[in-house]
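Protein chains in written order, with the working numbering: chain A, 403 to 865; chain B, 403 to 865.
Certain hints may be false.
Unchecked claim - Residues of chain A clear of chain B, computed beta-carbon distances all greater than 12 Å:
no., residue
1, 404
2, 522
3, 525
4, 553
5, 683
6, 700
7, 729
8, 770
9, 784
10, 844
Said to hold, decoys possible - Below 16 Å or equal to it, Euclidean Cα-Cα: the simulated EDC-like pairs (lysine to aspartate or glutamate) are:
no., chain 1, residue 1, chain 2, residue 2
11, A, 854, A, 587
12, B, 517, B, 466
13, A, 679, A, 860
14, B, 538, A, 534
15, B, 784, B, 701
16, A, 538, B, 534
To be verified - Output of the computed footprint for chain B on chain A, the stretches with three or more beta carbons under 8 Å from beta carbons of chain B:
no., stretch
17, 432-444
18, 482-490
19, 608-619
20, 625-634
21, 752-762
22, 799-808
These are calculated hints, taken from the structure and not from any lab test.
Note that the structure is predicted; figures quoted are calculated from it, not measured.
Even for Gly, the Cβ is constructed at its ideal location relative to N, Cα and C.
Protein chains: 2
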Amino acid sequence: MFNEDVYVRRRSQLRKQVTSGLIILPGNDESPRNFADNPYPFRQDSCFSYFFGIDQPGLVGIIDADDGTECLFGDDPVLNEIVWTGPQLPLQEKCRQVGVAQTMATDRLVPGLEKAQRQGRTIHLLPQYRTDTILKLQRLLGLDSPQSVDQFISEILIRAVVAQRSVKVPEEIEQLESAVTITAEMHLTAMQRTHPGLYEYQVVGALEGVALSRGAHPAFPTLFTIHGETLHNHYHGNLMQAGDIVVNDSGAESRLHYAGDITRTIPVCGTFTSRQKDIYTIVLNAQEKAIAAIQPGIEFRNIHRMACVSIMEGLNELGLVKGEANEAVNAGVHTLFFPCGLGHMLGLDVHDMEGLGEDFVGYTDTIQRNHQFGWRSLRLAKALEPGYVVTVEPGIYFIPALIDRCKAEGKYAPYVDYQRVESYRDFGGIRIEDDVLVTEMGPRILGPPIPKTIDEVEAACSY
Amino acid sequence: MFNEDVYVRRRSQLRKQVTSGLIILPGNDESPRNFADNPYPFRQDSCFSYFFGIDQPGLVGIIDADDGTECLFGDDPVLNEIVWTGPQLPLQEKCRQVGVAQTMATDRLVPGLEKAQRQGRTIHLLPQYRTDTILKLQRLLGLDSPQSVDQFISEILIRAVVAQRSVKVPEEIEQLESAVTITAEMHLTAMQRTHPGLYEYQVVGALEGVALSRGAHPAFPTLFTIHGETLHNHYHGNLMQAGDIVVNDSGAESRLHYAGDITRTIPVCGTFTSRQKDIYTIVLNAQEKAIAAIQPGIEFRNIHRMACVSIMEGLNELGLVKGEANEAVNAGVHTLFFPCGLGHMLGLDVHDMEGLGEDFVGYTDTIQRNHQFGWRSLRLAKALEPGYVVTVEPGIYFIPALIDRCKAEGKYAPYVDYQRVESYRDFGGIRIEDDVLVTEMGPRILGPPIPKTIDEVEAACSY
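The following block holds chain A by itself, in its conformation from the complex (with noise of 0.2 Å):
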C-alpha cells in the first residue's frame, strides 16, 4: 500500500467536501465463481482501496465527516481459524499502516448505524455493483429491503469521490507507469506469440501468463480477437489465419490496482496487406492528433470531434466517404466506422470511477451527453485537468450488422460510397489505444514504448 499520508490526506479532503454526515465505504467480499468456497480471486473495492487501502474480504470503512473520526470494521480470525489461514497481521496494525486509529468487531457497527440513524444523521453511500454489498448495507441500516439501499446513496459524496480520484498524485502516476510496463510486455509478448494456425487462446494465455507471472492480474476480460469489428467480445476460440489482423485491447493492474489499458492490432502473418496499411495509417494518424491535442483546458468531446474528422479525411481519401469531413461528421457519417468514444478515464478501474455513474465522471452541469448514436458511447467530454490520465482509442470498424442497417435505411447516402464500403465488409476492425497524462506541458504518454506504427509492429511480429 501508500505510505499512511497518502491515506490520511485522501479521507481528510473527503471529509472536508462532504461536510457532515456519516460516510459508510463498504470493502468487498469474496465472489463466489461456482459454490461459497470457490471464490473468483479477490479484488477489493476501488472506492474502499482508494480511502482505506487494505486489501482483504469482509471490512467496513466509516467516516464521520463531522467530527473526524474514522474506524475500520472487521473481524480477526480466531486462533482456530489460524491454524487453517497461518499467522495474520491483525486488523488494529493494518489499520495503522494507513492511518486509522480505531478498528472495531463487524458486530459493533448495526448498533453504531442504529444509533447515527436515531440522531437523523446524514448517511452517505456510493452506488453500489455487488448485490452481496447491498445485502449487507440493507441488514447494517435495518433496511427492508435491498432497493432501500438506494435512499442512501449521496450526490455530494460522488462528486466528492470523483473530484479527488480523477486527478492523479505522483504515487498514482507511479503505479499507472507500473501497470502500463507490464502490460506493455503483455502487447510484447502476444506480438510475438501470434502466428497463423494458432487458437487466439493460446495467445490469450501467454499474455495474461505474463500479467500473473508478475504479480498481477488482467485489469479487464482481455478482448484478443480476430474478430476486431465486434467491439464487445470476449471470445478467443477463433483459429487466427494468414491475412487476419487481431485487436488486441488487454491490460494489467499494478499491486495497488491501477489499470492500464492498450490496445494494438497485430497482422496474424506479421505484415499487414497494402489495404490493411491503409486504414492502419488513418487510426494511427488521428491517435496521434489526438494525443497531441491533449492540454488542460481542451474538452475530451472536441478530440473526439477531432479523431472523428481525422477519420473522415482518411476515409474520403481511401474513396468510402466523400464530402467535406466536418459536416460529414456533423451528420454522424463517421459512427458507422467508429460507433464508440475515443477514451476515458483511468485509473483504480479501468473505466474509472464508471461505477460511480459515468455522467458525473466525463460530463458536467453544462457539458452534457449527446444522445446520438456514436457520441452517446463517449464516456468523457468534459474539460481536462492537469493529472487526469485518459485512454485514447480511436478505430475503424467495418461491421456487417451496422453497416445492413444504414445501408437499408438509406443513411449518410451523401456521404457514403456504400458499394466500396461493401468491398471491405470481411476487413475486421483496426484500434490502437495508449494512456495519456494531461500534464500543464501537454499530453504525456504512460509507460515505456509499445510497438505503434506499421513498421514497429511488423518488426515485433517477427521477433
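Since chain A is already given, all that's left is putting chain B on it; use the hints.
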C-alpha cells in the same frame, strides 16, 4: 457441449426422481469485479450446465416434473446490440442443441410462476450461492425478502441431483481426463520453472498461463506456496529459496467445465533433503495405499482412516510419535499432522456439489459426520460406487499454531514427542493428490502420469 441426448436423459431422469412440481434451475449471470461492466470471467452454474449445457449468462431453466415440459427462459440480443456483440446463435437454436423444445422471453417467467403458485404447485429450488441469483429468484417468485427464497429449497431435488451427478458416465470421464491432462501440463511447467530466487507468483503465472493457453481456466484458486502447512493459503508473494519445498495444488477445467485437481510437492532447488524425503515417503505411501484400497462398496471414511494409520506408522518410525498406530488414530493424534480430510468428490465442481450441501454429497442417513477436530473436515465418508470420481490427497503438515495449542493443552501427550516435533516446526507441509475413478475393477487414476515419486519429481525439476 455434449450431444443433446445426454441432456435429455439427465433431465428426464431428474424429473422422474422429483416426481411432481416445478423445478427451477437458474443459470449464472455475469459477476462484477470492480464495476458492473467489468465482470470476472463468466462461469455457468454447474447444475444448470449439467442439465442444460448452455454457456451463456441470463438464462433460467424450468422442468415441469408432472407433465415433462421443459422451457428455457432468456433473451436474444436485439439488432442494436448485435452491432456490439456480433451475430449470435439464436437462443432457440442453442436450446435445440440440448434438446429443449421451448424457449421464452424472460418477461414470460413471472406470470408463469405466479400461475404455478396460485395453483398451489410445489416449486423446487436448489440452495443458491450467489446473491444476485437469490435476488433474481426473489423477484421471479414475488417474495418479500431474499431469505424467503430458502423456503423453496427442495431436499428431494437436492437428493436427485446429487444421485445423478455423483456417478460419472463415460463422456464425463473423458472431460475429467481432459481436465487432468491440462492440469498435468500445469504441474510439469511448475516443476520445470520452480527455482531458488523466484517469487511464487512467477511460477503461478506460468502454470495458470498453461491452462489459459489451452482455452481453459483454473478450476479453483491456485495454491502454490512454500508455506504448504497453511492449508488455506492463496498468497503467492514469497521468495522461494534453496531448501524450501512448495506445495502446488492446482487444476484446470475442461472445455465443459469439469475440474482437474492435482497436488504435487516440489523441492525448490530440484532435490529434496533427506529430512524432506522421509516425510515425503510417508505421505506417498499413505497416498498409494489409499488409492489401492479404492473399490466399490468401501466407505471412504475407512480409506481416510487407513491413510491416517499409515501416516502414524511412518511418523512413528521417524520418532515423532509413539504407540500403536490404530490407537493413536483413535485418540486423534494424526490430526496434529493431518487435520483435514483425505479427499472429496470431483466433477463439475472441484469439491463436487459442495454448494448443494456437503452432507448430502458425502454422507448418508446412517453414515453421519463425525464432529471431532480433523474428522469434521472429511468431505466424503460414504461407500464408494462405480463412476464416483474422488481425490486422494493425504498430507503431513507442521502447523506452528496447532503444535503450540496441542502442546500447551498437553494433548496427545502419551503419543507425541513434542521435542522432536518442535525440530520440524519450520518444515512446512507435503501433500500428494491424484484424481481417481472408482470402477468395478478398482481404482483408475485419471489423466497421464504426473511425476510423483521422489526420483520422478527430482528428474522433472532438473529438466
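| Violated constraints from the hint list, given by number and in increasing order | Per hint list: zero violations.
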